[in-house]
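Listed in order, the protein sequences are those of chains A and B. Per this note's numbering, the very first residue in the first sequence carries number 156; after that it's consecutive. Per this note's numbering, the very first residue in the second sequence carries number 179; after that it's consecutive.
Please keep in mind that the hints were generated in silico from the structure rather than gathered at the bench. Be aware that a few hints might be false.
To be verified - Some residues of chain A that are not near chain B, with every Cβ distance over 12 Å (derived): (1) Lys-158; (2) Asn-162; (3) Val-169; (4) Asp-171; (5) Leu-181; (6) Asp-191; (7) Ala-208; (8) Glu-220; (9) Ala-236.
Said to hold, decoys possible - Here are the simulated EDC-like pairs of lysine to aspartate or glutamate, each with C-alpha atoms no more than 20 Å apart in a straight line: (10) Lys-166(A) - Asp-328(B); (11) Lys-166(A) - Glu-284(B); (12) Lys-196(A) - Glu-284(B); (13) Lys-251(B) - Glu-219(A).
These numbers were taken from a predicted model, which means no experiment stands behind them. All residues carry an ideal CB built from backbone N, CA and C; glycine is no exception.
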Amino acid sequence: MMKAIVNVFLKNGVLDSQGKAVHHALSGHGFGSVSDVRVGKQIIIEMNESDEAAAKEKVAHMCEELLANTVIEDYEIEIQA
Amino acid sequence: MKVGIVQFPGTNCEYDTQHAFAALGCETQILWHKEDTIPDGTDLVVVAGGFSYGDYLRSGAIAKMSPIMKALKIYADNGGKVLGICNGFQVLTETGLLPGALKRNEGLHFISRHHHLKVVNNDNDFLRHCKVDQVVNIPIAHHDGNFYIDENGLQELYAHNQVLLQYTDASGNIDNPNGSVDSIAGICNKAKNVFGLMPHPERAMESLLGSNDGRAMLEGFINA
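Build the full structure now, drawing on both the sequences and the hints.
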């Protein structure tokens, strides 16, 4: 069993309205040291794979096909054996 | 004229769309998402509005994996006409049949009201009965209608007359409700056989219900 943790965020340069709203709310609640907030999503996938590199390649394919919209989003994959 | 209307779990505008095209004298057929062919003789396929798969992951993302979308891609690649309305527009960008993407509205609110739109290009089947710069009044109802495309993509759209509609006020001045790049409300592909827009022309068929400006738009597909 292997676990893949996929983080999907809007690309740099694509306005993250939710991040801005959360930043504004935190600043308004006295968290003045907050300089930036980004909101994204995390997708956790359990896989029957034994090879880490093969698992990562499959997850990258999943990201390109479905998990991320690469017009506006970037993704990062972490494999936990 | 035979119109197919795609239905996913969570689609909710298929019967309004069917009613609108039936009112224009078209033969209509609902196409369930598990169908893997577009019926012979179909002149237009409409991907109707709603919340396919509950908008899970991203609006339109799961719908693009359906068997009907593979068939629709072949149909469009062979020159078949396709219209995506609201969630249908999101599905078409996710599928890659139209460029760009639809993001969460800049103000983060779901917006449901009538909005004015200006016709930018009319050298296509969809808007051929409208005039350039004509202002129409069409309902919008969306959470993820913030059209995004990068600068190069935007220039491509303008270079090939692919920008169809912009959000404006009643006088035709830009009035952007959702943060869309250049206030864009609708586009088409370069071949001008695939169309997508966030506003709902099928909900603007009777002046008694606020506007019949959608009628001329949908009529564009008839005898085109």
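Here is what the structure says about each hint:
{"no.": "1", "hint": "Lys-158", "verdict": "19 Å, holds"}
{"no.": "2", "hint": "Asn-162", "verdict": "14 Å, holds"}
{"no.": "3", "hint": "Val-169", "verdict": "6 Å, violated"}
{"no.": "4", "hint": "Asp-171", "verdict": "9 Å, violated"}
{"no.": "5", "hint": "Leu-181", "verdict": "16 Å, holds"}
{"no.": "6", "hint": "Asp-191", "verdict": "18 Å, holds"}
{"no.": "7", "hint": "Ala-208", "verdict": "26 Å, holds"}
{"no.": "8", "hint": "Glu-220", "verdict": "8 Å, violated"}
{"no.": "9", "hint": "Ala-236", "verdict": "26 Å, holds"}
{"no.": "10", "hint": "Lys-166(A) - Asp-328(B)", "verdict": "11 Å, holds"}
{"no.": "11", "hint": "Lys-166(A) - Glu-284(B)", "verdict": "16 Å, holds"}
{"no.": "12", "hint": "Lys-196(A) - Glu-284(B)", "verdict": "18 Å, holds"}
{"no.": "13", "hint": "Lys-251(B) - Glu-219(A)", "verdict": "18 Å, holds"}
Violated hints for the displayed structure, listed by number in ascending order: 3, 4 and 8.
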